[in-house]
Each structure stands twice: as structure tokens, then as C-alpha cells.
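Peer 1: Chain F is fixed; fit chain P onto it per the hints.
2 protein chains.
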Amino acid sequence: MKILLVFAHPEPRSLNGALRDVAIKELEAQGHEVRVSDLYADGWKSEIDRADFPSLAPDARLIAVAASKNAFDADTLTDDVKAEIEKLLWADTLILQFPLWWFSMPAILKGWVERVFAYGFAYGVGEHSDKRWGDRYGEGTLAGKRAMLIVTAGGWEAHYSPRGVNGPIDDLLFPINHGILYYPGYDVLPPFVTYSVDRLDEAGFGSVAEGLRERMRTLGSTPPIPYRQQNGGDYLIPSMQLRPELGETAATGFVLHLKDETMAD
Amino acid sequence: MKILLVFAHPEPRSLNGALRDVAIKELEAQGHEVRVSDLYADGWKSEIDRADFPSLAPDARLIAVAASKNAFDADTLTDDVKAEIEKLLWADTLILQFPLWWFSMPAILKGWVERVFAYGFAYGVGEHSDKRWGDRYGEGTLAGKRAMLIVTAGGWEAHYSPRGVNGPIDDLLFPINHGILYYPGYDVLPPFVTYSVDRLDEAGFGSVAEGLRERMRTLGSTPPIPYRQQNGGDYLIPSMQLRPELGETAATGFVLHLKDETMAD
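Read top to bottom, the protein sequences are chains F and P. The letter at position 188 of the first sequence is residue 188 when you use the UniProt record's numbering, and the numbering goes up by one with no holes. The letter at position 46 of the second sequence is residue 46 when you use the UniProt record's numbering, and the numbering goes up by one with no holes.
These aren't lab readings, by the way, just hints derived from the structure by calculation.
Only some residues are given here: those of chain F computed to face chain P with a beta carbon under 10 Å:
hint, residue
1, Gly154
2, Arg163
3, Gly164
4, Ile180
Here are the computed lysine to any residue pairs in the SDA-like style, where the Cα-Cα straight-line distance is at most 25 Å:
hint, chain 1, residue 1, chain 2, residue 2
5, P, Lys131, F, Ser161
6, P, Lys259, F, Pro162
7, F, Lys69, F, Asp135
8, F, Lys131, P, Ser196
9, P, Lys82, P, Val125
10, F, Lys259, P, Ser161
Note that the coordinates shown come from a computational prediction; the quantities given were computed from them, not determined experimentally. Glycine included, C-beta positions come from ideal geometry on N, C-alpha and C.
One chain only, chain F, in its complex shape (with noise of 0.2 Å):
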């Protein structure tokens, strides 16, 4: 497989930095072809601005939809964000790694996300119709190509579980997971997360270290996270709202969103 690591932290001696190494090097072993894409240390320019869209009359107003829409078109997207593109198609597994930071990714990240992830490339792509509304949530550019999501969180486990105070992770991670990830087409895997990372000794980083191998070991065949394809029937158009007859065991929230495995034939 080839595979992209995106990375965003600023300290290659970090946890990050050590797991990245760790999945790195089990992926090779594996006979993988691995690209990394290191954001601090590329010094990656985060923010989406009028010096994305070099072609824009420096008296246009900036309207950041029609903008990367015609320089996608054009080519004339910044030779940056050319170079993450063809790398994207390249890669038919995409890491995402990082900290979680205020419950989200870093900046840095999101940046990256702003400014790749192209109107025309991963989104704004396909027709509209009553049978369909784009090519989005499960198909798109990046279908048929797998994602997933390396996290290290400071706070305990716990404190993420279905009940904990701060919100279950898979609803935090679902805008990631299903807004950035699923949006474009790609499989979406289950997060690799390691909690409480400011009081993990040796031992437990080497059993973090077992986990993340594993996962990467398995990364061809672990099953994605089984949300439902937008235009698959499930949603009615154009409302996109989830057909009434469906997840009626969970009247609202993220988990709608997921096929009923035991219902599914």
C-alpha cells in the first residue's frame, strides 16, 4: 500500500513524534511505501488567504468557495498545495496524526485541510439532482481509498467515554471523521487514541507502542466506521435528512449516522 502521514506537532521529541516513528517503521516492515508530511517542521502556512489564490485580482473581493474553485480548475493553486494534492492521490491510505488540543485538531492541521481540500478536488464535486446531491459523504475524489485518525488526548479515558464530562470521542472526532474524512469518500478506520499521555511511563508507551502496530498491521482489513452513504437511500433529498423510518432508536445525534449493523443484510 502507499500510504500519507499528515503529522502536525511542533516537537519531533514528543510522543507524537515517538509513535509516528513506531507506525513508520511497522508500515515499512510491512512493505508499504510511506510519504509523511510534517506541517511543523515544513513550516506549513496554516491560514487560507488571499495569497492561496495568487491568480485573484488584488482588488476582487475574496470569496474563498469561487476562489479555490477556479484555481483548482485553472491550476493555479499554490505549488504547496499542488504538492499535498498529488500526494493525496498518490496515498491509498491517509494518516492523520496529532494532539488533540481543545478537543480538535491543531490549528496547523485544520489549515492544511483548509487549504488542500480544494473545491472540485474534495468537495463541490459531482451533480445534483433528485437522486442525488454531489459526490459527497462516501463518495467523491478520495472513494475506494482509506483514512484514519492517530490521537494522543491529556485527559483520562474516562472523562471520553459514552457518559464522561467531556463528550464521547466519537462525537468529538465525528466532524474529522465524518465531515472531513467521510466527505471527500474516503473509508474511514476506527481512531487510534491514547489517552492520559502526560503520565504514560515507559511501560505503557511500549504497550501504546504494541497497539499502534497492530493497527498498522491491519490497516487493509480492519472495517471502516459503518456510516451510511448519502446517496445510497437512506437520506431523503434534497432535505438530506435521514429517512423517518430509520435509526429510530436514537431520535438525534451523531449515532444516526451509522448503519444499523443489525439490522443490515
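Peer 2: Leaving out everything else, chain P in the frame of chain F:
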């Protein structure tokens, strides 16, 4: 009242720019003092990195939590961060205004949170005991103040409704409202969200602007989202899980962390 509006959009001639002006004008008409942090216009530095901690030895490993604690304690944070902290202490109401990009705040605003919400200021506050788990989630440095989001979204309102394909807007914003604003103590007001913004005509803008003016007039009286205080007795310590007898109508999901108003005395 004293209001800090943090604005995160790269184009002043945008819908966000127009709504910002509407909000400020109405607030000032009500006799409030308003200060604005215009992150793009101010060239805000998005990434937290070594440059945030000038007193960190050049060869020392960067541990963000420890570096933040030391710099806050020793008053060696950078001047741009100190200025924002001063504004947050000055204001009795904080407004974060941004376009919803990839189901979260723009990178530049996330970086504002990461850099300004220092250890000892916005987290790492208070004592841990068998009765308390620090001052957070309804308690902390910013307790007694109010906060709210002003958000624009390109998608349809139905797509963000309780059964909409994107996930419910309140759940998508939970990591921000609960995890970033309620965490350091703010009372968090319901967000003001405008949908389908790419299709907004003049009449539509007038209606949105009037809704926003109304929200600005009621900033001091709108009831906050009824999140449960962490140390108020609803959570077990130290697991910080919601007591088994609470929230039984929803087994999991973010809705657990709202007080059941029908059961409140």
C-alpha cells in the same frame, strides 16, 4: 457591557464582514463598549510553536502544557497573546464570529484559542480533590462572563437539523461551545447561525441582520445553554462520568450534558 468580538474572516467585504458591522453598530447603539480582534487583518499567528515561549531554552524539548504554564506564571507569554488575555479579562461578554469551514472554526481562530487559552489561565486552574476536578466546565477564570458564536454556513439548515446528513449543528458546535467556551467558565449562549449563505439575497440579508440585532439587544438576558457544571454534583469524581441516574433518556451523546430542564427544581 464590555464586549470582545473575535472576528475570523479574510475578507472585510464578505457577509461575515457585513454581519460584524451590524452587530457592532447595534451593540454601540445600546451603549455597550466593543473591542474587536480582527485576526486576519491583524496578521494573527495561527500556530502554537516554540516562538510562543521565548523563555524556553533553545535545546529544551517543547512540552506545550508545561511551557504554557511556565510562561503564564512568569509572565513571559508573547505580547500578542498577553494583549488578548487582557481583552478577555476586560470583556464581560465574548463573541467569536466565523464561517463554518469543514464543520469547525477556521484554523486562524483555532490557533487563537491554542495560543491565548494558556495553562493557568483557561485550563489547569483550581484544585483536584474528591469533591472537585479543577475549575472547569462552568467554573474557572472566565466564570460569570458570557460567550456566544456568530456562525455562517454554506449548507442548508435542514442538512444541519437533528436528522440532517451533516449532523446537528448543536452537536457540531459542542466541541467549541462546551469544550472551548464552557471549559474556562463562560456561560454559553445559543449560537446565531446563518445557513445557505451563498444564496442569500438582499431581503434574506435584511432578515438575518434583524435577527442578529435582536440577539445583540438580548445579549445580557438570553438564557445560556444549560450545560451541567462539572463540580455541581452531576458527575462522579474522578471518572467524571455522569451519574447513572441522570440523563437516562439519552444513553450516550452530547445531549447527556444538558440539564433535564423538565426535572429541574
